[in-house]
Every structure is written in structure tokens, then in C-alpha cells.
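Chemist: These are the residues of each chain, in order.
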Amino acid sequence: MTKLLEWLLGASLIGMAWGLVTFDLLDLQLPPQYRELAWPMPVYLLVVFGCYSLATVGYRVATFNDCEDAAKELQAQIKEAKEDLKKKGLKM
Amino acid sequence: SEIDVEATGADQAVGFGLVGFSLSLFTYYTIWVIVLPFVDSDHVIHSYFLPREYSVILPGVAALILLLFVGTFIGVVTWKNRKPKKVD
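Chains as they are written, first to last, in the numbering used here: chain X, 41 to 132; chain R, 33 to 120.
A portion of the hints provided could be inaccurate.
[Unchecked claim] Quick list of the computed label-pair ranges, beta carbon to beta carbon:
id, chain 1, residue 1, chain 2, residue 2, range
1, X, Ala116, R, Gly103, 17 to 27 Å
2, X, Met56, R, Gly107, 30 to 40 Å
3, X, Leu68, R, Pro83, 24 to 34 Å
4, X, Leu65, R, Val76, 21 to 31 Å
5, X, Asn105, R, Asp74, 28 to 38 Å
6, X, Phe63, R, Leu90, 45 to 55 Å
7, X, Ala110, R, Gly49, 41 to 51 Å
8, X, Asp109, R, Ile63, 39 to 49 Å
9, R, Gly49, X, Gly129, 38 to 48 Å
10, R, Glu38, X, Phe63, 34 to 44 Å
Derived from the structure by calculation, the hints contain no laboratory data. Only a predicted model underlies this, so the values are computations on that prediction, with no experimental measurement involved. Beta carbons are placed, not taken as given, at the ideal position from N, Cα and C, and that holds for glycine.
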């Protein structure tokens with residue numbers, strides 16, 4: 041079975057479990073707190089995923105070290121490339 | 033030789049700001065959705081949270097607004113790059 045099918049199968053199973061609880065399709069008579077907990081679950085998981093993504097991006101921006109040598113080298117290479125292209129007739 | 037220097041102030045401020053914002057949002061939202069159903073309805077903590085329906089409506093509205101921004105941005109950029117007759 042491909043990974044896509046695995047993920048779709050897993051998601052469908054979870055989705056069905058959620059639907060059963062939220063819409064009480066099996067008349068399970070679950071305690072009201074658990075039904076209250078269940079119905080916002082899809083949105084909750086999306087929001088949590090969004091928070092995790094934002095935090096990860098933020099953390100990696102904050103801890104991404106500057107590389108001064110590489111920056112200088114890159115600027116020199118850009119200058120060199122510009123001069124070379126100007127000589128060959130490219131208009132900047 | 034490559035010497036790495038710590039990220040500049042603005043990068044750190046923005047980065048850690050995002051982390052702080054995400055953690056706060058996660059904490060508030062988790063209390064709202066996961067914890068509150070198990071807390072007695074006469075407890076004072078409920079006064080800090082909107083009715084439960086808003087825990088789904090507000091993210092929905094936020095997503096729509098985000099889509100609006102993205103769509104507008106794409107529209108503006110496409111419009112700015114339009115060329116007569118031929119689009120490169």
C-alpha cells in the first residue's frame with residue numbers, strides 16, 4: 041500500500057470516529073463533556089498545527105546564525121558577476 | 033574558514049516574538065477547547081472565554097481573511113506585471 045493510501049486510510053478512520061462521536065450516530069450516550077470536547081477537534085488540530093508551524097519558523101529565524109565570511113564572499117561574487125555581465129553587454 | 037555569528041537583533045526579536053505568540057495562542061486555545069468542558073459551569077475561569085461556538089467560528093473567519101489577503105496580493109502582483117499583448 042502506498043504512503044498516500046496509508047495516510048488517507050488513517051485520516052478516514054479518524055474522521056469516521058470523530059463523526060460518530062460528534063453526531064452520535066451509534067447512540068453511544070457519551071457523557072456531555074466528551075461530546076463537547078469532540079466537535080471542535082478538526083479545527084483545534086488545525087490551529088495547533090498552525091501554532092507549531094509558526095513557532096518552528098520563528099525559532100529557526102531567531103537561531104539562524106549569521107555567516108559573515110560567507111556573506112562577504114557572496115557580495116564579492118555578485119560584484120564580479122555584475123561587472124562580467126556588463127562587459128558582455130547586459131544592461132542592469 | 034567560516035565563523036558563525038549570532039543572528040542579528042531584529043531576527044531574534046521577530047523569531048522569538050513568533051514563538052511567544054504561538055505558545056500563548058496554543059495555551060489559550062487549548063484551555064478553551066480541551067480544559068473548559070471539564071470545569072464546573074459556575075467557575076470564574078469561564079468568564080475569560082467566549083462561548084464555545086466561537087472557538088470554531090473565529091479560526092474560520094481568520095482563515096477567510098487570510099485567503100482574502102493572499103488572493104488580493106496575487107491579484108495586485110499579477111495586475112502590476114501585466115504587459116500589453118504579450119505576457120512573458
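Chemist: Now tell me, hint by hint, if it's right for this structure.
Modeler: Structure-based check of each hint:
1. Ala116/X - Gly103/R: 17 to 27 Å: Given about 41 Å between the Cβ atoms, the range is violated.
2. Met56/X - Gly107/R: 30 to 40 Å: holds (39 Å)
3. Leu68/X - Pro83/R: 24 to 34 Å: Cβ of Leu68/X to Cβ of Pro83/R: about 25 Å, so the range 24 to 34 Å holds.
4. Leu65/X - Val76/R: 21 to 31 Å: violated (36 Å)
5. Asn105/X - Asp74/R: 28 to 38 Å: violated (52 Å)
6. Phe63/X - Leu90/R: 45 to 55 Å: Violated, at about 23 Å.
7. Ala110/X - Gly49/R: 41 to 51 Å: violated (26 Å)
8. Asp109/X - Ile63/R: 39 to 49 Å: holds (47 Å)
9. Gly49/R - Gly129/X: 38 to 48 Å: holds (47 Å)
10. Glu38/R - Phe63/X: 34 to 44 Å: The hinted range 34 to 44 Å is violated for Glu38/R and Phe63/X, with Cβ atoms some 53 Å apart.
Violation of the numbered hints given earlier is confined to hints 1, 4, 5, 6, 7, 10; the remaining hints are satisfied by the structure.
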